[in-house]
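Asker: This is what each chain is made of:
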Amino acid sequence: MVCIRRATVDDLLAMQACNLMCLPENYQMKYYLYHILSWPQLLYVAEDYNGRIVGYVLAKMDEESNECHGHITSLAVLRTHRKLGLATKLMTAAQAAMDQVYEAEYVSLHVRRSNRAAFHLYNETLGYEIHDVEAKYYADGEDAYDMRKYFKGKQNHQHSSHGGHHHHHHGGGCCSGDAVVVETAQAEDAKATTSK
Amino acid sequence: MASKFGLAGGIPERRVRPIWDAIDSRQFKNALKLLTSLLSKYPKSPYALALKALIHERMGKPDEALAVCLDAKDLLYKDDSSLMDDLTLSTLQIVFQRLDHLDLATSCYAHACGRFPNNLELMMGLFNCYVREYSFVKQQQTAIKMYKLAGEERFLLWAVCSIQLQVLCDKSGEKLLLLAEGLLKKHIASHSMHEPEALMVYISLLEQQSKYNDALEVLSGNLGSLLVIEVDKLRIQGRLLARARDYSAAVDVYKKVLELSPDDWECFLQYLGCLFEDDSMWKFFDDIDQIHPTKHIECKFSHLTEEMFDSRISSASELVQKLQRDTENSNLRGPHLAEIEIEKRKFLFGKKNDRELLKSLLQYFLKFGHLACYASDVEAFLQVLPPHKKAEFVGMLVKNSDSVSASATIELGQTTTILKVQELTGNIFELPLGEIEASAVKLAKLYCQNLPLSKDLDPQESMFGEELLSLISNMLVQLFWRTRHFGYLAEAIMVLELGLTIRGHVWQYKILLLHIYSYIGALPLAFERYKALDVKNILTETVSHHILHQMLESPMWVDLSNLLQDYLKFMDDHLKESADLTFLAYRHRNYSKVIEFVLFKERLQQSNQYEAARVEASLLQLKQNADSIEEEERVLENLKSGVQFVDLSKEMGSRTLRFNEDMQTRPWWTPCPEKNYLLGSFEEFSYCPKENVNKDREENVRRAIQRKSLVPRMIYLSIQCSATALKESVETNGSGGDVKTCGELKSLLEEYTKMLGSSFSDAVGMITEISQGARTSESLGSDLVDWLNFAVFWNAWSLSSQEHWHVLNLLFERLILDRIKSMGSSDMSSCYSDVQVLVQIITEPLGWHCLVIQACTRSSLPTGKKKKKAQHSDHLPSSPMTQAVKDSIHSLCSTVQEVSTWLTNQINNPEDAQVEKFLSTLKRNEDAGGPGHVLWVLESFIASSEESEVGSRIFEALKTWSKADSTRKTVTAQQKLLREFLQICESKRELLEKLKQQMTHV
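Chains A and B supply the protein sequences, listed in that same order.
The first sequence runs 1 to 196 under full-length UniProt numbering.
The second sequence runs 1 to 1002 under full-length UniProt numbering.
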């Protein structure tokens, strides 16, 4: 993993520039800051060989629920740097930190029902399973898949709707998964931003 | 302590909750009603009062809120039995903070802590207050008290962080670090350490003191196990070893890291640095001042013999080959790029291995050349090559890409890459015109040919060949520059607009269009394209440089005002609120982030753009109100008569300025806002890479801010001088103005000329000579407007001198009329830079001069009607100064009239005719070169394309696009801008006519 390194606060300037070139996200700067100041171990950037930020993953730990788990908030890779497996590497790094640093049971994320490429990345490449469908999750009315991945040795059969045993290998080989941006709902984000 | 279960501030929770609910749902009236009844029961409750203050504040009544807060504070201080809990205090804190009275909140908490010295909750509140105030010393003291009280690791770390911040931000002595180290050591000895972040702080503390070996010992001891991710630990170890100059051990550690993560480029560079015992790389990694760090890394070899170099480079080669073998089946670029890096180092050492270097670059091309990232990957390597080698390399790429008959997408990718390499080496500027033109046509064909590949893509996904259109338009702009044939520019617009119709989100198209439109004076359209970039939040800091400069020199005041306000609001809000977030990091025990975040706030606070925008926002207000001296005086009053800006100007010299703008997204012809190659000639141009433009800007930007921040005060003083001058000149024949005001104005004028790189007397000489025609206005360079400002304020300082008035009149006349003459009947597209200058002259120096005249005129008019007849009317006309004022009004009037006439002629030119003219520049000559060929390719494709081939979405887009529409939009935008400018001129002329009338009465 290169160039995949933990984000610093200064990276914020380039990370948000990423959005200009990638997909517009409506996160307030406070929201990024909230993440990086609360769970700095979960923010990774993909740095290009000449020091440019070309992608990032934003994640958090859910503090409120009983089961300690992480949540992927946002994943972005510059259009010029797609199809290099960067998204997979970013995800793997964030997941490893959730598992090892915070001892999370599982990690969750939301993805648009129509976003086939992203679904493929999460499901096939990274081993996420559909846990639930949240109707009209997105502002434009589209449904979201609530996807989860349990960490090794922490499978919780009660909660896993499929109950299957999935082995996902971390690190090492680079999968050629498509890097597609996950959008999470604005509603959820707004809540997170105001909670102190 | 009064806080008990279920009792919020001594009041039962059930009585308070509805009030909070009402506040949260913004039902303030209801909240106030509930509160009034609560207060009747608890009239002396500070908590109830704090709630009342909060409601007042939220209702937009800051004065009432503050009064109530102060009452509550008094109660807290006076009454010994008073209820002093965190809830009351934190509610008060919120209100005080919103009222910008952090100090009052702090003193409440400090008082409470004094009263209840062992209350941890209150102490935390106090700590938080100091965090908000950035009082690092007080933070430290409070945290230490908490640590002594509770013995918790986190409080000690809060104290240590506060110490580090003192050293980093307040430049306190590094001895403090020793104190922090001692505290931690003692704590570890008795309690050990439990948080990985605490360990990181400990290590950084040792590193800050250059105690690398101590840090290494800590890391390899028991505490090291706190870092659970192995690679992270190794990286730190490598860095510490390198800094301790234990290079051979560092090399071994970095090797391990590379085996674990072969794509870690930073680690590879550090590995090489250690291998060559070269510590210059740390400068590179420590340089965080740029959004994109510099690409060129210095290498030091002088301490190595050739033999040493050879043996070390070959061990690096071995490692790289191993890494390549290990990752054979993946698409990792790192190990392959490392091979090029090795060839580069050999080259820099003087090995004359340019062939091998080029070969390795070519190998990399064959493997990754179809990827969009190729060009930026190799940019740093190409920079070390001499120009002819770069050209040779381009030749190699062309030859080799032809020989590969690969899939359509690979061919497309490679072709795009070659063009990008040509651009970034500057090679493209050396090609003959015909070749560039042919190449553009070829690319257009390629684009069309490959459109079907994107048939089924989501609208959000980037298309195949998307970059081709940007490359084509870059070429067309260059062709325009070299031939001055407007058709090429028009063609570039068409290409990009078509591209946007097909794919609406492509930011490159928008940015390129924005700059082309700006250049030809279609600024309203440029602004539209800018808005489509959806720039907000921190992007206002990094991206708004694309449009801000042009807007500042335009008559589009409303849009400019919004732009500035949005930006300043974001920055102000962030600077105000960021301290709240700092506490989040303390609470989550992310100590390293506390430090980073405080430094980040400083970085934004020191932004050059932020400083400039604050001055410009005020100047804009002054420009907008300059036609009415009464309005202007109100604006000046709000600006405290410009005093604060004068202070800013003085401080500016020693301030650190930070450059957070992302300049890499700018087009080639304008690498920074102050530069535009299209305004000069191709012959004078020498290509230079875009990076580090900010370094050259620093001095100019600093001076510009210094100069501009003097203007509000100089306007104020000029008005003051003028207000008394006319009377005095009549009555005493004196020099006008009171002595103190004049003295201050004179000293500011001296400052101002210093910032123009001249002395006061030389500056006077300069403008006098220009007014007489002994020198051309070119000698004023790009600071022309500032020189005119100087002339205006200089005249205001010495109003009694008729000669000065005369110089100023001539200066305006000459500078304005010369421009109008040179613009002649040419259309806006080719003379917008002149229009820009005119806009500035009319709205700034001429506007300020009109204020001086207004002040003179006002003072000459008697306040009462009686007086007018009785005293002055037969007195003043004889005064030479009155005559000077009259002459000046007369002169300005006719000068402004000339501008209006030119503008009216332009505006009266029928739109259809302009559209026709624009379109005619796009007509291609079938048998010869020239503009239109690219567009013809695209248009023929549109005409023949079929839905089944390109998919319905693209097909629809192609059909809706129209050349005539784009043209009309451009022309309309130009007209709009001209009309706005005409309006300003007319308003100035009306003002001058009015003043003329008034002067006939005196």
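Hints listed in this document are in silico derivations from the structure and should not be mistaken for laboratory results.
All values reported here derive from a predicted model rather than from experimental measurement.
Backbone N, C-alpha and C fix where the C-beta goes; we use that ideal spot for every residue, glycine too.
It is possible that part of the hints are untrue.
[To be verified] Mimicking PhoX-like on lysine-lysine, the simulated pairs with C-alpha atoms at most 20 Å apart in a straight line are:
#, chain 1, residue 1, chain 2, residue 2
1, B, K536, A, K83
2, A, K30, B, K536
3, B, K138, B, K175
4, B, K536, B, K576
5, B, K969, A, K83
6, B, K185, B, K148
7, B, K996, B, K917
8, B, K322, B, K352
9, A, K30, B, K255
10, B, K445, B, K455
11, A, K30, B, K576
12, B, K917, B, K445
13, B, K322, B, K255
14, A, K30, B, K569
15, B, K445, B, K148
16, B, K367, B, K322
17, B, K389, B, K346
18, B, K300, B, K359
[What the hints assert, rightly or not] Listed next, the stretches of chain A that the computed footprint assigns to chain B, with coverage defined by at least 3 CB atoms under 8 Å from CB atoms of chain B:
#, region
19, 45-51
20, 138-148
[Said to hold, decoys possible] Only part of the chain A face toward chain B is listed, based on derived beta-carbon distances under 7 Å:
#, residue
21, L13
22, M29
23, Y31
24, L33
25, H35
26, L37
27, T80
28, H81
29, R113
30, G127
31, I130
32, H131
33, V133
34, A135
Asker: Close enough to count: is the Cβ of A:R113 nearer than 7 Å to one in chain B?
Answerer: Not OK, violated: A:R113 not within 7 Å of chain B, min 13 Å.
Asker: Assess, step by step, whether the Cα of B:K969 is no farther than 20 Å from the Cα of A:K83, and give holds or violated.
Answerer: Distance ~38 Å between B:K969 and A:K83 Cα, so the pair is violated.
Asker: Given as covered by chain B, does the region 45-51 of chain A meet the bar of three residues or more with CB within less than 8 Å?
Answerer: Coverage by chain B holds for the region 45-51 of chain A (5 residues, Cβ < 8 Å).
Asker: Straight-line Cα separation of B:K536 and B:K576 no greater than 20 Å?
Answerer: holds, 18 Å
Asker: Measure nothing beyond the straight line between the CA atoms of B:K322 and B:K352; if it is 20 Å or shorter, mark the hint as holding.
Answerer: violated, 25 Å
Asker: Interface hint check: A:L37, Cβ to nearest Cβ on chain B, cutoff 7 Å. Holds or violated?
Answerer: Check passed: Cβ of A:L37 comes within 4 Å of chain B, closer than 7 Å.
Asker: Is B:K322 within 20 Å of B:K255, Cα to Cα?
Answerer: Holds, because 11 Å separates the two Cα atoms, which is no more than 20 Å.
Asker: Once the shortest beta carbon distance from A:A135 to chain B is found, is it less than 7 Å?
Answerer: violated, 22 Å
Asker: Given a cut of 7 Å on the nearest C-beta pair, is the interface hint for A:L33 held or broken against chain B?
Answerer: At 5 Å from the nearest chain B Cβ, A:L33 passes the 7 Å test, so the hint holds.
Asker: Assess, step by step, whether the Cα of B:K367 is no farther than 20 Å from the Cα of B:K322, and give holds or violated.
Answerer: Holds, because 18 Å separates the two Cα atoms, which is no more than 20 Å.
Asker: Take the shortest C-beta to C-beta distance between A:H35 and chain B; is it under 7 Å?
Answerer: violated, 10 Å
Asker: When you check the alpha-carbon spacing of B:K917 and B:K445, does it fall within 20 Å?
Answerer: violated, 27 Å
Hint compliance for this structure: hints 1, 5, 7, 8, 9, 12, 15, 18, 20, 23, 25, 29, 30, 31, 32, 33, 34 are broken, all remaining hints hold.
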